[in-house]
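Chemist: Taken in order, these protein sequences are the chains called A and B. Per full-length UniProt numbering, the first sequence starts with residue 1, numbered consecutively. Per full-length UniProt numbering, the second sequence starts with residue 1, numbered consecutively.
Simulated from the structure, these hints should not be mistaken for laboratory data. Note that the Cβ used here is the ideal one computed from N, Cα and C, for glycine as well. One should not assume that every hint holds.
Unchecked claim - Derived CB-CB ranges, DEER-like:
#1 B:K19 / A:V654: 57 to 67 Å
#2 A:L674 / B:T63: 31 to 41 Å
#3 B:K19 / A:A686: 21 to 31 Å
#4 A:L729 / B:G61: 50 to 60 Å
#5 A:A660 / B:G61: 21 to 31 Å
#6 A:D58 / B:P107: 44 to 54 Å
#7 B:E97 / A:D775: 26 to 36 Å
#8 B:K124 / A:N876: 20 to 30 Å
As the list claims (entries may be wrong) - With a straight-line cut-off of 25 Å between C-alpha atoms, the simulated DMTMM-like cross-links for lysine to aspartate or glutamate are:
#9 B:K208 / A:D775
#10 A:K761 / B:E112
#11 A:K761 / B:E43
#12 B:K19 / A:E717
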Amino acid sequence: MPDDRTDPKNRPSPDALLEHAEREGRGRLRIFLGAAPGVGKTYEMLMAGRARRADGTDVVIGIVETHGRKETQALVDGYEVIPRRLVEYRGQTLDEMDIDAILKRRPALVLVDELAHTNAPGSRHPKRYLDVQEILAQGIDVYTTLNIQHVESLNDVVAQITRVRVRETVPDSILDEADDIEIIDLTPDDLIKRLQDGKVYFPNTAQRAIENYFSPGNLTALRELALRRTAQRVDEQLLNHMQSHAIPGPWAAGERVLVCVDSQPGGAARIRYARRLADRLRAPWTALHIDTPRLAGLSEDDKDRLAMNLRLAEQLGAEVTTIPGQNVAQDIVHHATANNFTHIVIGRPTRSRWRELIEGSLTYDLIRNAGDISVHVISGTERNKEAPSRRVGTATEQRPFDVWPYLLATAYVTGSLAVSTVLDQFLDVRNLAIVFLLAVLTSAVTSGLWPALYACLVSALAFNFFFLPPRYTLTIRDPESIVAFCVFLVVAVIASNLTARVQRQAVAARSRARATEDIYSFSKKLAGAGTLDDVLWATAFQIASMLKVRVVLLLPENGTITVKAGYPPDDTLAEADIAAARWAWEHNRAAGRGADTLPGAKRLYLPLRTGRTAIGVVGLDNDKQGPLLTPEQQRLLDALADQAAVAIERVQLVADVDRARLAAEADRLRSALLTSISHDLKTPLAAILGAAGTLKEFAPALPEKDRADLLATVVSEAERLNRFIANLLDMTRIESGAMEPNHAFHYVGDVVGSALNRAQKITAEHRIETDIPADLPMLRLDPVLFEQALFNLLDNAAKYASPGSAIRLQAWVDNGAVILQVMDEGPGIPPDDLERIFDTFYRVRKRDQVRAGTGLGLSISRGFIEAMGGTIAAANRTDRPGAIFTIRMPVPAELPALGTPLTDDAA
Amino acid sequence: MTNQTVSILVVDDEPPIRKLLRVGLGSQGYTVSEAPNAKAAIELMQIERPDLILLDLGLPGMTGLDLLGKWRADGLDVPVVILSSRTDEAGIVSALELGADDYVTKPFGMNELIARIRVALRHKFQQQGEKPVFHTGDLSVDLVKRIVKVEGKEVKLSPKEYDILRMLVQYAGKVLTHQFLMKQIWNDSTDVQYLRVYVRQLRQKIEKTPDQPRYIITETGVGYRLREVDGNE
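Assemble the whole structure, with the sequences as input and the hints as a guide.
Modeler: So, in structure tokens, the structure goes:
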């Protein structure tokens, strides 16, 4: 029997644990979920807040709309209410929740009404739920209210039930993030009564609409939706609990949902349905698009709708797959069976009966071939026209009529005519048709369908005119020839059609391959880019070169948005452009040239999005008049912008992590500094105070010798304190970067002499040996810094080497540098520490014993030597125990010219 | 030297330092008066005529440097010894060039300070009457015959080397800035490295261990000083 711990089935799922860990440190989110307005969510929230307050929790109101209702107002009284922030917008004064004030106030729990609210333009976040997420991230608990109609994936369903579409939605993920969901339930009858009593506030809506909305049928349906969504949530919690506590299954069986996405209207509804289905089944889901050759002939509206649907699926969490194919039904079934999908979601057939008879019905084909897979057929009708709301005016790809292909086709036919004239001598006239067929096919391959059809026509005329008897007329005499002529015509038309289609597919495949290649290489480039600048530059360059436009990239900085990169480089924006860029960023929508908003700007600004929020803005322009991008380019830009946004976010996250790591390192240093300073300042101070205090109180009673001892202690400890403070000051100079070495030409020997002179007291018990040749070249150095660096090395040597041992200083010239070594006869340095001893506050520990010292001296030596262009390294002696510190200073290229004054030395 | 008649004015804004100097110098027989700032110092100067001034550079309001400049501009030639912090070499050099006689850096030992005071006072009283032959340790310099001996043996010096040694001997015990020496010997103060080259050569000739000099001491960042050593050191 296997040990429980090693059985993977009984181990907590890492994902569940990770999620649990991520919640640590965040505030808790409780959502009061209602089926419809007026069920009393706000009331319940305020009651729950009161209960928490009674328990001693610090509760404030972030924002609560009482809509003048007395009982609600009564509950608000007694709460601390954070004053609202007033926002001027188009002459109106709007008031919004003041998120900064809440974060500053830092309550334990904040009540925030109407989670789905859209903030006034110019607010920090476009949506209130984003405010709430920020508050939660700061560790503050939030109670909030939400109506089921505002949940993104239920939006269509609610619109279908009630015929009222709400524009304000919150993503489903916020429900998943919530720690608790409390459903506020009221029976439809009670709610209708409340409505009649005027207790329900429904903003900006006509009375009739309200009455429609609050029909018992609607309310029952909405209520069921809310209950079901909450039940699903509870299921998830149960599942999560089971996973994180390693309670073995039954898990949801391996369900997988596949939704077919095409260019038909109603795709969005199908995608949302698939998401709900996948949610309920807790199954992964995939959006599949079959890329058929027919696609090339789609209208721009259709192409846009397709791109929008694919994006929507991606945003709702689907894995998006596109595969090339011919027979849509077969390809879908094949993909579904190959990948173990259990559900396929498709749209209701939109083809007419007539076309279904000819082309077959996708729906029937699919259902017939689906085997064990459930097929969900979803009605595509939606109340609001899902018009491809092209956000940006784009140029349609109108190619002007080109006469060249037709001239070319004419040439081919003329060629065939010539060849036929020759062959006419040997062959039966009807076989000559083959030669003309060749011209038609060549036209189809080189120039496409219309020139090929043109070639067809001309060939038929020429064939008839020149070869079919009676020759040189357009009439045909014998029936055989009529058949041959007709067959030729049919074959030519079909062949040119097929050939042209194949050719068009080849062109489309080539351009797709090229675009894919470009995007792939772009993403590789982005993955390799380490810094934000690299990413921005690569993005600007890629967009500029692929779309043949000028590009600027703007990122938010200090609450506004500023140009960070451009290709070609350009960082000046006109007033109108700045406004458009801001708008695009704040509203997460396009603005500027060719868009609905601020079209006066020189450039078109599009948000760079990751998931839901805009992280920056890309601005485009070119020198041409009219729309900036073709729809094809627009879609390409979307793809590029998505990738760039993800890359930018990645780099920013990395930078955040780096900053956090640096901060942690700085913290570590600070605490080391505090420990070190408090120890090194207090030890000598304690000795001085003790000795001085003793002398002050008991001097007469002390023998002469003790008094002298105490006095000596005061002096030596004060000197030690002095050295420590000097070190601290030096360190500050190095770290503040305020050090300006005062370079001049000096002899190393001179500086060694003054360092030894200063170190006399601390090295009094050691033998000092010097071996410094008199003919060393002068060096450019700051004598004060160099002397201090040397002094610290001497201090270090005196500290670690026992009294009576020798400290040796030796110097020589080596390969363009002067080497100066300080050697002691102490215990040496543990090999692992050879580099670390130069770290600030690092001290070699040996058998629990720490030498008196600050751990600053060597790091100051290194700081000073390096500031003068030299290097310093530590090593151990090989001839005997002991440390060697080696300073290497470059000999300056230009030595001072001293010839003249030296010549007057004739003594 | 007797100290009974010698009075010293201490200009420092720190009461503990003034107290230390009052007690320390008083114990050596000096009369000490105190001023906490430049204004009080100027007033005191008009009442008393101190023989020497100890001047802190970091005074509040009018700085020590400004005060020194004013006194020297007024023609006062009282010896001034500067009290300074360790990292302020530039301030020390400025003060010395303004006419201060010497300096000590805080924190200082009382011995060191008293030695500086004595040297400064001696140079004031002896400025004209130099002794013809200077002796310290095993070094002797005959300023009349221009003969330099180490351990009784004559040492050949170049004219410039001799000039430097003569300057140091004339102001024995007192710090001489690079600029001062350059000006005195070359009548030019631009290329300080000439001075370093000659001092090095001089040390090679008169010091037993030129890397640990006994006589010619480098005051890093400031200048040189000839140290008078006890005969039996």
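Chemist: Which earlier hints turn out false for this structure, listed by number in ascending order?
Modeler: 4, 5, 8 and 11
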